[in-house]
Each structure stands twice: as C-alpha cells, then as structure tokens.
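One letter stands for each residue in the lines below.
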Amino acid sequence: MIALLRKQRYFIDYTLGTMMRHKGKSLGLLTVYTIIIFMLASVMLFSHAMRSEAVALLADSPEIVVQRIQAGRSVMVPADYLQRIGKLRGVTEKRGRLWGYYYDPAVKANYTVMASEQDQLSINDIVIGEGIARTRGLSIGDYLTLRSHEGKAFSFRVLRLLESESELISSDLLLMNPEGYRRLFGIDESLYTDLVLSVRNPREIQKIAEKLTLLLPDSRPILRTEILRTYESLFSWRQGVMLILLLGSVLAFVIFAWDKASGLSAEERKEIGILKAVGWETSEVMRMKFWEGVIISLMAFLIGYLAAYLHVFYTSAGLFEPVLKGWSVLYPSFQLTPSVDGLQLATLFFFTVLPYTLATIVPVWQTSITDPDLVMR
Amino acid sequence: MMLNPAILALLMVSMLVSTMLLVAAAFAVSILRHWDIQSGSELQLRLERRTYLVSTLLIWAFLFEFLSLLLFIYNAEALSGQFVGAMCATGVLNLNPWGWPTLFLKITMFFVAAIWLLLNYLDNRGYDYPLIRFKYALLLLVLPLVVAETIVQWLHFTQMEPNLITSCCGTLFSADAQGVSAEVSGIAPANSILALAISAIVVIAAGVWVALQGKSGWLLSISGAAVFVIALVAIISSISLYIYEHPHHHCPFCILKQGHGYVGYFLYIPLFLATALSLGAGFVSPWRRIVSLSQTVADVLPVISWLALFFFVQFYLTSAWTIWHSRLTMMEVWW
Chain G
1 MIALLRKQRY FIDYTLGTMM RHKGKSLGLL TVYTIIIFML ASVMLFSHAM
51 RSEAVALLAD SPEIVVQRIQ AGRSVMVPAD YLQRIGKLRG VTEKRGRLWG
101 YYYDPAVKAN YTVMASEQDQ LSINDIVIGE GIARTRGLSI GDYLTLRSHE
151 GKAFSFRVLR LLESESELIS SDLLLMNPEG YRRLFGIDES LYTDLVLSVR
201 NPREIQKIAE KLTLLLPDSR PILRTEILRT YESLFSWRQG VMLILLLGSV
251 LAFVIFAWDK ASGLSAEERK EIGILKAVGW ETSEVMRMKF WEGVIISLMA
301 FLIGYLAAYL HVFYTSAGLF EPVLKGWSVL YPSFQLTPSV DGLQLATLFF
351 FTVLPYTLAT IVPVWQTSIT DPDLVMR
Chain Y
1001 MMLNPAILAL LMVSMLVSTM LLVAAAFAVS ILRHWDIQSG SELQLRLERR
1051 TYLVSTLLIW AFLFEFLSLL LFIYNAEALS GQFVGAMCAT GVLNLNPWGW
1101 PTLFLKITMF FVAAIWLLLN YLDNRGYDYP LIRFKYALLL LVLPLVVAET
1151 IVQWLHFTQM EPNLITSCCG TLFSADAQGV SAEVSGIAPA NSILALAISA
1201 IVVIAAGVWV ALQGKSGWLL SISGAAVFVI ALVAIISSIS LYIYEHPHHH
1251 CPFCILKQGH GYVGYFLYIP LFLATALSLG AGFVSPWRRI VSLSQTVADV
1301 LPVISWLALF FFVQFYLTSA WTIWHSRLTM MEVWW
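Those sequence lines, one after another, are chains G and Y. Per the numbering used here, the first sequence runs over residues 1 to 377. Per the numbering used here, the second sequence runs over residues 1001 to 1335.
Here chain G stands alone, though its shape is the one from the complex:
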C-alpha cells in the first residue's frame, strides 16, 4: 500500500516537472479550462443563491392567499367574505389586505403600495423602501406627492426607510395608512385586495384550501408551498437554459483539449520515446498523463470555482445578472447570502472534468503507444 502511494508520488513529481518545462502549453490550457468552470459555476452559484433567497423571504409569508376571480380576472374581495369564511378549523388568523401598484411618471417606475396596520402610521405618513428613496432622492422628513385617482395631489411625509436587509422585496415598497390608501385609490370601505389566512399545521393547508373553494366558489386560494415550488422550478429551469447555452463553449473546450493533447511537439515526443527506452511501460506513460490531467483539472476547478464565488457574492454576478434576475427601474441592489451546495459541485464536476477527461483519453493513448525508436531516430 505504502509502496503504491510512493510510486504515485513519484509520478506526480515527474509530471509537475514536465509541466513546468512546458509552461506556455499548460498555462494556455489551464486558462481556458478555468474560464469554462468560472462561467458554469457562476451560473450555478447565482441561481442557487437566488433560490435560497426566495425561500428565505417566503418563510414568513402567510400560508394561504385568497383572491377573488370574476370573469377570469382577479378583482377586489368584499370584506364580508371574511364573515362568509367563518371559523375554519386550523386557521389561526385571517385578515384582508390592501395593496396595489402606483405608476410614478416622474421616474417611469411602478411602486408597490401597501396598507400597513402594524406600523401605526398616521394618514399623512409613509414608509418607503431604499429603491424609491434612491431614485427620488428622498430622506426621512421629506415629502412625496402622489396623484390620487381623481387627479388631486396628496403629499405624504416620509416617516422612515425600510431596512436594507430585506431590499430584495422592499426596494420598491411604499407603506401607508389604510385610510390613506383607500382615499388615494378611491377604494370603498367594504373591499380588500385579497385575504390572507395563517395555518399552523402544514398538513391541513390542502384541506383548508379545498374548503375555501367550496365556501367561496369565485375565489382562488394560492398556497405558499405552491409559490415556493414554482420558484424552485423556475430557477432550476433558468439554470438549465443557461447551461444548455454554455454547452456550446464546453464543446469548444473539449475540441481544444483534444487538440492540445494530440498535438505534441517534437520535444515532447522525444521525451516519451526516452521514457519508453529507459523501460517505462505504456500503462506507466498513461498513468503519468493521467496525473497531468488530474493536476490541471484540480487547479482549474479550484481557481474557477473560487473566482465564480467572488464574482457572485462580492460583485453580485455582474456578468449574468440581467438574464437570471430580470430587470426593472427600481431594481433592488442586494448582496446574496453565500451558499455552496454539494449537488452543485457534483454537477459542475460532471459538466467539466468528465468531458475533459474523455477528450484526452484517445490522444494520451496515441502518444503512449509510440515506439521509442520511431521518435528518437
């Protein structure tokens, strides 16, 4: 066992020596290999981080949202629906929500306006997200004027800004008093945008949703788990699409690696000839080439993955952001929470190391069966 390990150590030692002698060639291959891994790893790290961000955000949201559907479109829910639901076993809390969008022509962007009861806002106060504050140049105490549904101007005083930790959701958020909300948009006292229900036991959610559709036939219950599942599929689908697009470059890399491995210089041929003349076997030459592949793969993998990690978590994936994230005027600027996943690493390994290894097997074999007398002549 020890002898076997020692033998491999000598192989690695020799291989490193050879690689240092042909620096240009090894460096060229290493660079291309690293870039490929960097690109693939960036895509994977980024979409994985986005997915976990979405999961973390939805963790506190209500289990069931009830919308009312009329003629196939979602409309305001009458407040008496809360009474019609009555007492459902398992529902710990139910309330109506008021929210909507406000288009601000000054910055050509939509705000998400929401009525908040928890913040005890007075009718003239608002709380805004960092995105709005940035674009409109607002700070605490400033006034923001919005045009109501009748065309009248309403001025609101900025009471405070939302914390930047939650910027992914709160960037374009504007919280105001429910009364103010109703006046701004002209919504009757008896209407809500939608209803939310909290359910303690996750196993009861499905049943409660069923009961809701029986009680309120024109309603559409949306479950949190459904939203989560949609996010999961959406992000892994986007990841898949990006990967398929990048497969072309992996293929180009495979051809490059094949070419590099088969196009040996006269000097390298001579070297292998000498090795065989001094008694190396074909399998040993292949072993040496195997270690060369391992060293290059490992280095490219480490450097590429590290660079991708920095790219995604320190520069917010500047290169791929628009494709994977979507875009808008008030887009939140946020730092993703670093997370590395074993499945991702394994997948990345299969997408890069496997093609490289396969591409080099045949050329390596061709070099190692060369007869010494042919090349040393």
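A portion of the hints provided could be inaccurate.
[Stated by the list, open to error] Below, simulated DSS-like cross-link-like pairs (lysine-lysine); rule was C-alpha separation at most 30 Å, straight line:
{"no.": "1", "chain 1": "Y", "residue 1": "Lys1215", "chain 2": "G", "residue 2": "Lys207"}
{"no.": "2", "chain 1": "G", "residue 1": "Lys87", "chain 2": "G", "residue 2": "Lys207"}
{"no.": "3", "chain 1": "G", "residue 1": "Lys25", "chain 2": "G", "residue 2": "Lys7"}
{"no.": "4", "chain 1": "Y", "residue 1": "Lys1257", "chain 2": "G", "residue 2": "Lys7"}
{"no.": "5", "chain 1": "G", "residue 1": "Lys207", "chain 2": "G", "residue 2": "Lys7"}
If you're looking for bench data, these hints aren't it; they were derived computationally from the structure.
Fit chain Y to the known structure of chain G by using the hints.
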C-alpha cells in the same frame, strides 16, 4: 421534462458511458474472436495496443458510473421540494414507474463495475493477460445493463410531471401497507438487530479467515451479500427509527437529509464499498491456480478482505453510534 442542471448532467453521463461501453463491446468481440497471445501477427499487436485504450476508457466509464449513482440519489433528494406530496427521494422515485428500476440498475451497475475493475487490475498484473477473454466476455454481459439504465433513466426524467401528486415515504414504508417495503418495515426491530449482529460476526470471521488463508474468497462474497441484504432490512426496520427518533418512520432515504446530519451517507457508502469488495474477493480468489496470477492473488486477496472488513466495521460502528446516541427509548416495547 425537467430542465435541471443535475438531470442534464446525469443524462449526459449515462449517454457517454453507454457510448464508451458500445465502443468497448465492439473491441471485446474482436478480442474474443482473434486474441492469441502466442501469435505475433499485425492484428494481435494492434489488439494488444488497443487494450490499453479500452481498459482506460472502461476505468473512467465505471468511475463516472459510481459517481452518477451518488448524484442520482442526491438529486432525487433535492428534487423532492418540487413535487406535490414528495418529502424525500421516495416521492421522486415514485413519480413514474421508471424511478425505482433506474435506482436498482444503478446499484447493480455499481457492484458489477467494481468486480470488473478488480478483474481488470488483476489481469494487468499477469504478464500473459490470463483473464482477458473472461473480462471482455463479462463486459458483453454488462452492456445490456448500461444501455437499459440509460433508457430507463431517460424515461424517468422525461416523464416527470411537476403537477402529479406522488406519495411520500410514509405510505410506502409503513407496516400496514402492502408489498415488499411494507413487509420489511413490519419486521420486529429486535429480530432485525439480532440478525444484523449475527451477520456481523459471520462476515468478520469469514473476512479474517480469507485474509489470513489467502483463499476461499467465496466465503466472504456470500456472507458479504447476505450482510448487504440484512443491513438494508435493519436500516428500514430499526436503525432509521432510531435516527428519526420516531417509532413509525421507516424511510431509508430521509436519513440522507441535512436535518439528520447526512448520516445516511455514512451508513450507505461504507456498506456499499464493503459489499462490492467482498463480492470482488470471490471473483479474485479462484485465479490463484493460474501461474502468472498466483503471486498477485496472494498479494491482493488479503488487502481486499481487510479493506472490506474495514468498511463493514465502519458501517457497524456508525449504526451502533446512531442507536446509542438516539433519544428514542423502546426498552419495554421492543426489547
């Protein structure tokens, strides 16, 4: 069809491995027909040179096959969040009729590949390639397995319907249900633990005997295969209960979850390695009668046996540790 990176990777690997095996199989046919170590003909020389290429190809193919088994299970686990009703890999494998066959084919491939790699190692050590015909004949038998696995896996992944409601492990692995999994779950924990302990003694005795004597590897193979089955039964019927600290949750996949510290991997990986090695021992020891291999077999067989024992012991220690550490107390109920 789910366009997920891990699924793409798995499909790619299985297709590449099948292609590699097809190439190797074509070579295997010409080996079986024309191989003659005594001859110095052009063809024989070509075949001898080509064996290096083909055996390297196969080593890689089988290594990737091992990794794909791990990735397949890990991926099934990760996908469970995207299907209604699935709570672990069981739900994902239950999605369509192809899930379980894929898993079983992959596991079979794992053992067959391990045996083949051992034979290949042995053959390369003999100066006259004594096992070459046997090895490539075996390869021709492996080929249908790999192709079947590729097809079944393709069907499994392409026929995944995200809106289909699947059943979770609670319904499959429960003592009241029907079928093999339910029968296994229904076995009394005391019996399965007792069987596990007896099989442990048998396999360790067999392993030590084979390692010291340097022959009768079949003893280790048979006891190793028995241990594998008994261990899986024990995991389902009792060890998992202690891991979940719940007297009715029998699932063999939920133990792979983060919530249980990935302890499943520490149980399954040593168990699979040990079983593969002990099966290999049975395939290695008969060749000690061949002159060019007798020394190699004498060197290799003890190493294989000790390694197999090492992994078996690791498995037993991990199981004992999980039971010892568990807060589930069933003293008056099961014991």
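*Sort out whether Lys7/G lies within 30 Å of Lys207/G, counting only the CA atoms.*
65 Å, violated
*asked:* Need the status of pair Lys1215/Y, Lys207/G: alpha-carbon distance at most 30 Å?
replied: Roughly 63 Å separates the two Cα atoms, so the pair is violated.
*Mind checking the alpha carbons of Lys87/G and Lys207/G for me, to see if they're no more than 30 Å apart?*
Holds. Lys87/G to Lys207/G sits at ~14 Å (cutoff 30 Å).
*Does Lys1257/Y pair with Lys7/G here, judged by a C-alpha cut-off of 30 Å?*
Answer violated: Lys1257/Y to Lys7/G is near 39 Å, above 30 Å.
_Distance restraint between Lys25/G and Lys7/G, which requires alpha-carbon spacing of 30 Å or less_ = 26 Å, holds
The structure is inconsistent with the numbered hints 1, 4 and 5, although it conforms to all the rest.
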